[in-house]
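K.L.:
In case you want the letters, here they are:
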Amino acid sequence: MTTGLKLLQGNEAVAEAALAAGARFFAGYPITPSTEIAEIMAARLPAVGGRFIQMEDEIASLAAVIGASLAGMKAFTATSGPGFSLMQENIGFAAMAEVPCVVVNVQRLGPSTGIPTAPGQGDVMQARWGTHGDHPAVVFCPGSVREAYDLTVFAFNVAERLRTPVILILDEIIAHMREGVVLPVPGELEIVARPRPAGAPGTYPVYRAELGEVPAVPDFGTGYRFHVTGLIHDESGLPVNNSETADGLIRRLHRKVDLVRREITLTRAYRLEDAQVAVIAYGSVARSARRAVEEARAAGVRAGLLQLQTIWPFPEEEVAALAPRVRQIVVAEMNLGQIEGEVRRTVAGRTKVVPLTTGGGRLFTPGEIRRAICAAPGGRLKKAVHQ
Amino acid sequence: MEINVANSETGPGEPLKINHRWCKGCGICASFCRQEALALNEEGRAALVRPERCNRCGLCEDLCPDFALEVAARAPDKAGFGHNGFVEAGALAPRLADRQARSAPAEPGGLPKAQLERYLRQAKMPHLWCPGCGNGLVVHALLKAIHQLDLDQDKIVVVAGIGCAGRAAGYLDFDTLHTTHGRALAFATGVKLSRPELTVIVLMGDGDAAAIGGNHLIHAARRNIDLTAIVFNNSIYGMTGGQCSPLTPTAGRGTTAPYGNIERPFDLPALVQGAGGTYVARATTYHARLLTDLIKGGLRHRGFAFIEAITYCPTAFGRQNKAGSPADALRWQRDHALNVQAYRRLAHDEKRGRFPIGLLYCGDAPEYLAAGAGPS
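One line per chain: the protein sequences are U and Y, in this order.
Residues 1 to 387 in my numbering are what the first sequence spells out, letter by letter.
Residues 1 to 376 in my numbering are what the second sequence spells out, letter by letter.
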């Protein structure tokens, strides 16, 4: 069942999906190119019993989201580069205190104010390492409006299941591009709720991690009277200062993500079966890359595409599997090679890795990617197409 | 850990129970006991050396920052109200209560320890604050206010920032949220919006609320959202070792102002009132009963309630500024704070060196959550 054909932009798809996933709280601050998400939530949340608030900055926005989530609401925020920088502090808090929430970052060209209306993919490493300390990261990146919808629902589900912040990184093109999409019927979506305690209030250790290393932390106001902190804490949630507990907690936070790594690592393979040259791309670049693969094939070069929908945890198995099969991997991204480094680390010299980068805040044309494909060892046989 | 006779040097029937595990030996009780019934023993802990002289006035209990003293069968009419600050506090309290809720009982005396224990996470006690730190007095006033209002313990969320004051949340047996530095009000806003039926109390230090959290403070006030915010103002960054805060007095010393602070401090109540807060109050830790009454008023107030609690950091502020013992600091509070009505009657020159305490402002702007958020 579907809802029929709709013309939606990526930001609208994110908002629709968040509502379908059960989000009932949004706190945000206006910033291009993500603002439509806040505007839609302001208009739509009251009708479904939710709450919208425009906060004084992005730090406060994520703080309010975390507060609302601890009180039991599915909550999220949306921002762009500079605002995403301000949110890093509380992303770490949500990871440490295990508070489910979703942060949408519509990437624009940076650093700093950059070009607010131009697309970028320069935040992929920030999404992994932006907040201080060793923390897990789950980051999804859609390459179409429909993917923006699906990955938003998935982001909420993973956030709830793992009790961790999940980051959805769009780029300005995906956010503002309108496509005809057929959306699933919300009632038929798989919607996940966070684990809640089976034990009665009293001495229940709210941060004791049970199945899958995820604790069933209660909602505020339900009688458990527990403590939530960004300090290292024990199973009771209260702060402790010893190295053993700290190490145990930090490792568990990573383990709960590692345990579901296969389920949450999403990639799309296109014509990779017999490929001699592979393109790795994500977000809007994957769309150009797909066209480039077709053009390269039309010119006789066996090319394929691995689109990363999950950026973190990095899809190591999928990338590593390419290494013995292709002569070259072209990593195309709208930054100066942030994911290229991960690809190099993963293939560990078993195949050649070539970057296709830009700091210019613009999408690659299919021709640019096709030329990179055809310049590869597997593509050199067809000089004719290397125009 | 229970407070019981075994934990105390005094036996059954004696006027005062002392929890030596919690007592940090600050000497406030001995210094303020007008009967000279209390002293510090050879271990530096409070001891009732002349039990026959104790008139059960309860002043020692009210001024103990460690929750370590309990006066048995406290004399309600002798509760230390014979001197400056408490006269003012006592005089103001009925007016406050009248303004906020005519039906609210004005309960004299302290909070019985058996009741106090209900609100504390016993396993975490004694608290980490230094001997003589006033933070315990602010917490004590808060717990008395909660107790006297008979609020549902399961429906209170205490949200705290970072610093010495922020650590208060960990000792309180409510749902508690220890946030990032300065952000407590923003977290609290999310909690309150998500579950408006909860009573949300926000505890912050002066650097926490007024420096890194200043933006959140003015916007919470502007929204007039139904939170009760208490700032523990000790005029210094205590946990990091005594750096200047936005509340350090001009010419005061901090490790980051070794030649004296060249900046001016905030007038926090004026700031919050100007930003739109509708309940603005100030008390000191010496005026413990006033502080309790003001917190009660804030908890009953529907809107953004702000209470500045003037407290003392003997370790990081006191040493650098030669401000004396914890008891000296309480006397300073007693002698420099003035009931707001009396303060406003003073001529401009007479106000120098004094500051007003009490309910400084109470307005009736609409509360944030009361506004319809959807299409009308």
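Check each hint, because a few of them may be wrong.
In silico EDC-like links for lysine to aspartate or glutamate, alpha-carbon gap of 20 angstroms or less [as the list claims (entries may be wrong)]: (1) Y/Lys322 / Y/Glu350; (2) U/Lys256 / U/Glu316; (3) Y/Lys155 / U/Glu317; (4) Y/Lys124 / U/Asp234; (5) Y/Lys351 / Y/Asp226; (6) U/Lys6 / U/Asp150; (7) Y/Lys155 / Y/Glu117; (8) Y/Lys124 / U/Glu317; (9) U/Lys256 / U/Glu317.
No wet-lab data here; the hints were simulated from the structure.
Keep in mind the model is a prediction, meaning the values are calculated, not measured.
K.L.:
Now look at each hint and say whether the structure bears it out.
P.N.:
Structure-based check of each hint:
Of the supplied pair hints, the one linking Y/Lys322 and Y/Glu350 is violated, its CA atoms being roughly 25 angstroms apart against a limit of 20 angstroms. Distance check on the hinted pair: U/Lys256 and U/Glu316 sit about 18 angstroms apart at the alpha-carbon level, within 20 angstroms; holds. As the CA atoms of Y/Lys155 and U/Glu317 are separated by approximately 48 angstroms, the hinted pair breaks the 20 angstroms bound. A distance of roughly 13 angstroms separates the Cα atoms of Y/Lys124 and U/Asp234; the hinted pair therefore holds under the 20 angstroms criterion.
Distance check on the hinted pair: Y/Lys351 and Y/Asp226 sit about 33 angstroms apart at the alpha-carbon level, beyond 20 angstroms; violated. Among the hinted pairs, U/Lys6 with U/Asp150 is consistent with the structure: their alpha-carbon atoms are about 15 angstroms apart, no more than 20 angstroms. For the proposed pair Y/Lys155 and Y/Glu117, the alpha carbon gap of about 18 angstroms is at most 20 angstroms, so the pair holds. Between the alpha carbons of Y/Lys124 and U/Glu317 the distance comes to roughly 46 angstroms, so the proposed pair goes past 20 angstroms and is violated.
As the CA atoms of U/Lys256 and U/Glu317 are separated by approximately 19 angstroms, the hinted pair is consistent with the 20 angstroms bound.
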